[in-house]
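Trainee: In case you want the letters, here they are:
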Amino acid sequence: MAGHWRSAELVGARRETDTARSLTLRMEGGWPGHRPGQHVDVRLTAEDGYTAQRSYSLSAPAEGDTIEITVQRVLEGEVSPYLVDIMEIGDRLEVRGPLGGWFVWDPASTDPVVPVGGGAGIVPLMCMVRARRKERSKALFRMLYSVRSPEERYYSGELGPPASGDGGLDVFVAYTRRVPEGAARHPGRLGIADLNTHGLPPELGPLCFVCGPTGFVEAAADALVALGHDPRKIKTERFGPTGGHP
Amino acid sequence: MTTSSRFLPEERRLDANMLAGPLSEIFAVDLTPAFRRCSMCGHGGAFAQLHVYVDCPGLVARCPNCQSLVLRLVRNGNTVWLDLGGTGCLRLHLE
Ligand SMILES: Cc1cc2nc3c(=O)[nH]c(=O)nc-3n(C[C@H](O)[C@H](O)[C@H](O)COP(=O)(O)OP(=O)(O)OC[C@H]3O[C@@H](n4cnc5c(N)ncnc54)[C@H](O)[C@@H]3O)c2cc1C
Ligand SMILES: [Zn+2]
Numbered sequence: 704m705a706g707h708w709r710s711a712e713l714v715g716a717r718r719e720t721d722t723a724r725s726l727t728l729r730m731e732g733g734w735p736g737h738r739p740g741q742h743v744d745v746r747l748t749a750e751d752g753y754t755a756q757r758s759y760s761l762s763a764p765a766e767g768d769t770i771e772i773t774v775q776r777v778l779e780g781e782v783s784p785y786l787v788d789i790m791e792i793g794d795r796l797e798v799r800g801p802l803g804g805w806f807v808w809d810p811a812s813t814d815p816v817v818p819v820g821g822g823a824g825i826v827p828l829m830c831m832v833r834a835r836r837k838e839r840s841k842a843l844f845r846m847l848y849s850v851r852s853p854e855e856r857y858y859s860g861e862l863g864p865p866a867s868g869d870g871g872l873d874v875f876v877a878y879t880r881r882v883p884e885g886a887a888r889h890p891g892r893l894g895i896a897d898l899n900t901h902g903l904p905p906e907l908g909p910l911c912f913v914c915g916p917t918g919f920v921e922a923a924a925d926a927l928v929a930l931g932h933d934p935r936k937i938k939t940e941r942f943g944p945t946g947g948h949p
Numbered sequence: 003m004t005t006s007s008r009f010l011p012e013e014r015r016l017d018a019n020m021l022a023g024p025l026s027e028i029f030a031v032d033l034t035p036a037f038r039r040c041s042m043c044g045h046g047g048a049f050a051q052l053h054v055y056v057d058c059p060g061l062v063a064r065c066p067n068c069q070s071l072v073l074r075l076v077r078n079g080n081t082v083w084l085d086l087g088g089t090g091c092l093r094l095h096l097e
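Line order of the protein sequences matches chains A and B.
Everything in the first sequence is counted per my numbering, starting at 704 for the first residue and increasing by one.
Everything in the second sequence is counted per my numbering, starting at 3 for the first residue and increasing by one.
Away from chain B, derived, C-beta distances all over 10 Å, residues of chain A: (1) R724; (2) E766; (3) G767; (4) S812; (5) R839; (6) S859; (7) D869; (8) G870; (9) G894; (10) E906.
Not everything, but these chain A residues come out facing chain B in the computed CB check (under 7 Å): (11) S758; (12) T939; (13) E940; (14) R941; (15) G943.
Honestly, the hints are just simulated from the structure, not real lab data.
All C-beta atoms in this analysis are idealised placements derived from N, C-alpha and C, irrespective of residue type, glycine included.
Input sequences plus hints: build the corresponding full structure.
Mentor: Below, the structure is given as structure tokens:
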């Protein structure tokens with residue numbers, strides 16, 4: 704059952720940036736599979752019994768009983784610095800999931816999609832891109848990815864530009880603080896003009912997935928509505944602080 | 003743990019997607035994809051689109067349209083308080 708805490712072992716880890724890494728976890732007792740966009744809750748227990756739990760999006764389709772998450776280190780955070788810098792292969796934690804049946808993309812759907820990610824908000828969108836590739840989906844994906852600088856990009860090998868062989872997938876990266884050499888766009892927030900140019904017109908009725916920090920999500924969702932997108936086709940996932948509840 | 007004053011409540015709010023885990027301890031069906039009609043303002047939308055605030059004791063979900071309190075979940079050890087006072091009407095698809 705999804706609501707059950709189950710033990711998981713860290714069996715693989717990969718740096719994405721200086722401050723983020725992807726963790727491959729093997730689930731004891733197997734894994735039922737998940738839909739792209741879903742998340743898990745992770746629970747750590749200290750020796751004195753104190754527990755902390757946080758939510759993390761699944762970043763790739765499951766491989767048998769292994770799942771993958773990508774974690775951004777938050778300064779002075781309770782959980783993320785452990786997951787990014789300290790946890791070692793063979794260490795264990797508890798996982799509950801897969802969770803959430805709304806912020807999900809159906810790989811069988813051929814409707815066009817506009818995934819919009821800010822910072823770590825790219826994680827569930829990457830799961831959609833990987834599922835799209837795995838299922839050989841032909842759905843048109845126009846992705847917009849907002850990130851501070853080239854060094855902070857996750858999955859840079861897989862998420863072009865130039866496009867990585869995923870026909871029908873376009874990725875536009877908006878740098879907010881520092882752009883790579885020769886870039887035409889000045890550093891700045893992802894705005895309505897970017898969404899207008901690099902997204903899809905509302906007439907095509909794309910499904911929009913917006914994920915990232917709360918402020919980013921609200922600004923991007925408002926901009927999509929202002930461009931004429933149907934609010935019912937805009938799905939959001941705010942990555943705010945999830946700590947503070949047991 | 004201290005909850006931060008670095009952000010205003012609106013800057014910290016989440017979607018009710020994140021309630022999927024906590025509610026799975028109580029309900030057999032995932033409520034987050036359900037369609038909800040607000041009993042206060044008539045607004046219709048996904049349960050997942052409720053705004054969730056984590057700062058309060060426990061979790062509080064509010065209507066994204068009229069901000070009225072929809073659900074409150076507080077857990078203390080193995081005891082759970084669940085206030086569903088403002089849930090409104092839910093429509094669920096069962097697998
Ligand atoms: C549905 C969902 C999915 C998520 N998926 C991911 C994911 O795939 N990858 C990922 O890295 N994170 C994800 N998060 C965020 C994650 O759950 C934690 O909030 C984050 O890792 C910080 O936890 P912490 O214990 O390190 O920090 P805490 O100890 O909880 O917080 C430390 C300080 O940092 C502040 N803070 C906490 N989180 C943030 C934030 N996101 N932005 C700005 N300030 C913050 C707090 O207010 C506090 O002052 C997701 C959140 C949700 C709700
Ligand atoms: Zn309402």
